[in-house]
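Colleague: The lines below spell out each chain.
2 protein chains.
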Amino acid sequence: MSERGFARAEYQARVTRAQAMMAQAGLGALLLTTEPEIRYFTGFLTRFWESPSRPWFLILPADGDPVAVIPAIGAALMGKTWVTDIRTWPAPQPEDEGVSLLADVLDEFGGPVGIPSGPETHLRMAQADFARLQGASAQVFRDDAGITARLRAVKSEAEIAKIAHACRIAGRAFARVPEIAGPGVALSRVFRDFQRLLLEDGADWVPYLAGGAGPLGYADVISPADDRALCAGDVLMLDTGAVRDGYFCDYDRNFAIGAPDARVVGAHARLLEAAQAGLAAARPGARACDVWAAMAAICGDDGGRLGHGLGMQLTEGLSLLPGDRTVLEPGMVITLEPGVATADGNILVHEENIVIRPGGPQILSPWASDLPRID
Amino acid sequence: MSERGFARAEYQARVTRAQAMMAQAGLGALLLTTEPEIRYFTGFLTRFWESPSRPWFLILPADGDPVAVIPAIGAALMGKTWVTDIRTWPAPQPEDEGVSLLADVLDEFGGPVGIPSGPETHLRMAQADFARLQGASAQVFRDDAGITARLRAVKSEAEIAKIAHACRIAGRAFARVPEIAGPGVALSRVFRDFQRLLLEDGADWVPYLAGGAGPLGYADVISPADDRALCAGDVLMLDTGAVRDGYFCDYDRNFAIGAPDARVVGAHARLLEAAQAGLAAARPGARACDVWAAMAAICGDDGGRLGHGLGMQLTEGLSLLPGDRTVLEPGMVITLEPGVATADGNILVHEENIVIRPGGPQILSPWASDLPRID
Numbered sequence: 001m002s003e004r005g006f007a008r009a010e011y012q013a014r015v016t017r018a019q020a021m022m023a024q025a026g027l028g029a030l031l032l033t034t035e036p037e038i039r040y041f042t043g044f045l046t047r048f049w050e051s052p053s054r055p056w057f058l059i060l061p062a063d064g065d066p067v068a069v070i071p072a073i074g075a076a077l078m079g080k081t082w083v084t085d086i087r088t089w090p091a092p093q094p095e096d097e098g099v100s101l102l103a104d105v106l107d108e109f110g111g112p113v114g115i116p117s118g119p120e121t122h123l124r125m126a127q128a129d130f131a132r133l134q135g136a137s138a139q140v141f142r143d144d145a146g147i148t149a150r151l152r153a154v155k156s157e158a159e160i161a162k163i164a165h166a167c168r169i170a171g172r173a174f175a176r177v178p179e180i181a182g183p184g185v186a187l188s189r190v191f192r193d194f195q196r197l198l199l200e201d202g203a204d205w206v207p208y209l210a211g212g213a214g215p216l217g218y219a220d221v222i223s224p225a226d227d228r229a230l231c232a233g234d235v236l237m238l239d240t241g242a243v244r245d246g247y248f249c250d251y252d253r254n255f256a257i258g259a260p261d262a263r264v265v266g267a268h269a270r271l272l273e274a275a276q277a278g279l280a281a282a283r284p285g286a287r288a289c290d291v292w293a294a295m296a297a298i299c300g301d302d303g304g305r306l307g308h309g310l311g312m313q314l315t316e317g318l319s320l321l322p323g324d325r326t327v328l329e330p331g332m333v334i335t336l337e338p339g340v341a342t343a344d345g346n347i348l349v350h351e352e353n354i355v356i357r358p359g360g361p362q363i364l365s366p367w368a369s370d371l372p373r374i375d
Numbered sequence: 001m002s003e004r005g006f007a008r009a010e011y012q013a014r015v016t017r018a019q020a021m022m023a024q025a026g027l028g029a030l031l032l033t034t035e036p037e038i039r040y041f042t043g044f045l046t047r048f049w050e051s052p053s054r055p056w057f058l059i060l061p062a063d064g065d066p067v068a069v070i071p072a073i074g075a076a077l078m079g080k081t082w083v084t085d086i087r088t089w090p091a092p093q094p095e096d097e098g099v100s101l102l103a104d105v106l107d108e109f110g111g112p113v114g115i116p117s118g119p120e121t122h123l124r125m126a127q128a129d130f131a132r133l134q135g136a137s138a139q140v141f142r143d144d145a146g147i148t149a150r151l152r153a154v155k156s157e158a159e160i161a162k163i164a165h166a167c168r169i170a171g172r173a174f175a176r177v178p179e180i181a182g183p184g185v186a187l188s189r190v191f192r193d194f195q196r197l198l199l200e201d202g203a204d205w206v207p208y209l210a211g212g213a214g215p216l217g218y219a220d221v222i223s224p225a226d227d228r229a230l231c232a233g234d235v236l237m238l239d240t241g242a243v244r245d246g247y248f249c250d251y252d253r254n255f256a257i258g259a260p261d262a263r264v265v266g267a268h269a270r271l272l273e274a275a276q277a278g279l280a281a282a283r284p285g286a287r288a289c290d291v292w293a294a295m296a297a298i299c300g301d302d303g304g305r306l307g308h309g310l311g312m313q314l315t316e317g318l319s320l321l322p323g324d325r326t327v328l329e330p331g332m333v334i335t336l337e338p339g340v341a342t343a344d345g346n347i348l349v350h351e352e353n354i355v356i357r358p359g360g361p362q363i364l365s366p367w368a369s370d371l372p373r374i375d
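Chains as they are written, first to last, in the UniProt record's numbering: chain A, 1 to 375; chain B, 1 to 375.
Extracted from the complex, chain A is given alone in its bound form:
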């Protein structure tokens, strides 16, 4: 379908912007090793990253197109992207896992070589191999001046359309939760069936699903489902990161199973109010901490963040926290994720996805207006 992937111009624009920033930072090349970083500049999309056996490398030189230095098993798929300079080695080959090839290619282009080294990054290659690379290459390695993260923080219209699509898919699945949840149904069953609904409604895959259930909320939002059956009086929360064409949605919904506790009703109303306040505050020029403050004034401050950037990863970029002074720009996609304590160590959380626009935010998730009840 034409909606898959991006036009070549999208990648070229990313490269051009990166190279302008590289020139400013005095970098001769970027060396990228992780899935989102490599996909951002190439469009290389595969679930094969699940296998840790092979490292993958992309070099973005100061001038010209990116060069892929990858295991031979990926040559056919990389060949379908706009990248034409593809160097391969027969991985796995632990005695030289692409290191000497990579060193040679880096030395073709020169340095200093910038490597993403800041928050949310890691180097996806063995530390021992990185030490070997530093020995084998004549280049100086340093951080990438945050270039990759800064570029990814502001989405193009084509990227926003993909996130919006993922959000619509989750919206359809959330609307069908009454089909799969109710008193007597095990939470693990609900999790399994909700993933099924997401797939039926158009998700390519479902990398993330969390949630919880209890009469006063849930103890945390990262636990896997257990086999306890839902009971009348529980509030059920499902929080999904579903993917369409490589882009995530990330939002949740709460459902009252039968008649909810008055404290849950009150807490949920406060969450919706806090999200609304966050929405009102999320304008270009406002800082992440301003949006945090607008929500915290209503839902309180338990130390947790109240939202974050969203895109090729479930969470990426800014945090809605008192210490994050990132200035919002049009094209930034963020989540609003207020949480409140109910009682006995339980919490209730609510999440929406929005994109910052010049005139004010645009809602991507269907905005929740109540606490749906399932009997």
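Hints are supplied without guarantee of correctness; some may be wrong.
Identical chains blur together in the list; that is why a pair holds if it fits in one copy or across any two.
Claimed, not checked - In the SDA-like style, the derived pairs of lysine to any residue whose C-alpha atoms are separated by at most 25 Å in a straight line are:
| id | residue 1 | residue 2 |
| --- | --- | --- |
| 1 | Lys-80 | Ser-156 |
| 2 | Lys-80 | Arg-228 |
| 3 | Lys-80 | Ser-137 |
| 4 | Lys-80 | Asp-227 |
| 5 | Lys-80 | Ala-341 |
| 6 | Lys-80 | Thr-33 |
Hints were generated in silico from the structure; no laboratory data involved.
Just so we're clear, the structure is a prediction, and the values are computed from it rather than from any experiment.
Chain A is already provided as a structure; the job is to place chain B on it using the hints.
Modeller: Just chain B now, kept in the frame of chain A:
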């Protein structure tokens, strides 16, 4: 359900074995940062690793129980494991992302600190933070002498039971492929529906699905599905890594859509024969390269590996390659994954999962004996 997780004795045995190896290697502590490494010693199971925003640390001292140094958001879930010493910081906090806390805890226990640094490993923390850690801690950091990888290579009976369970789930889903695939159905639709079947049949989630279809096979085995409709005469391949309670299966099946090309029939028969030869060779004392040779003698050598270890990750440990001299031991779980070229750059692959036993291998995937036809 009682089948979830492991008894405390399982984790204690892992720690005891690790500490014996650490004593031999002269290590004062291990520092672990990735999902499988931390889960191996703790049982900490969550899909929250999908978010790159927070690093997680586990310290295994030379004596005593492991210490978790983790974001506060994970304290409740880590508190449900057998780990009692849990130190937290309010992440995300980029100005000090757990670094000073981690340095303090490492200095409590002493070094040298071993970090997994060999094949298939990476350090899941920002490189800039690792540099800060090395400055903030008094300890020497070095590699972990492969301890974590060596331990994980040999599975306990409880681990084997979980892999076997995942294999049975995939077996049920593969048996139902005729319900979802046939002439006119888009490959992307088949992928979506096959994930749904896996979930219905008991998978907790489906981190990996690859495949392909065409009259003579497929060009590679890592591409995502496209929207091309299956045609009579195609051979369809689905390869899944489905997870049950944190353990993977990893095997595939081919299906003839209508009457297959004679070259496909011949190639598939050769794959089954090669898998059988691999099975016969997979005995304790044989080397990974011996199993490779047994299969390559039948399916040929295109440079790719013909199988690998399997467990908490889709691929882990040994490779069935001419250069891998790892000696097979009872309890190793491996895949047999022969591939053959058909024509015009197409290949056909087949995969089974087995566990090495003293008297000979035990089959975990339902062993394929034919090329099922879907009309």
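Colleague: Measure nothing new, just compare the shortest in-copy and cross-copy C-alpha distances for Lys-80 and Arg-228 to 25 Å and report within, between, both or neither.
Modeller: Between copies only: 16 Å across chains, 46 Å inside a chain, cut-off 25 Å.
Colleague: Should Lys-80 paired with Ala-341 be assigned to within, between, both, or neither, using CA atoms and 25 Å as the limit?
Modeller: Between. Shortest inter-copy distance 20 Å satisfies the 25 Å Cα cut-off; intra-copy 50 Å does not.
Colleague: Taking 25 Å as the upper bound on the Cα-Cα distance, should Lys-80 and Ser-156 be classified as within, between, both, or neither?
Modeller: within (22 Å within a copy, 42 Å between copies)
Colleague: One pair to classify: Lys-80 and Ser-137, alpha carbons no more than 25 Å apart. Within, between, both, or neither?
Modeller: neither (29 Å within a copy, 46 Å between copies)
Colleague: Go through the copies and call it for Lys-80 and Thr-33: within, between, both or neither, with a Cα cutoff of 25 Å.
Modeller: Within. Shortest intra-copy distance 19 Å satisfies the 25 Å Cα cut-off; inter-copy 34 Å does not.
Colleague: Is it within, between, both, or neither for Lys-80 and Asp-227, if the alpha carbons may be no more than 25 Å apart?
Modeller: Intra 44 Å, inter 15 Å, cutoff 25 Å: inter-copy only.
In the structure shown, a violation is registered for the earlier hint numbered 3 alone.
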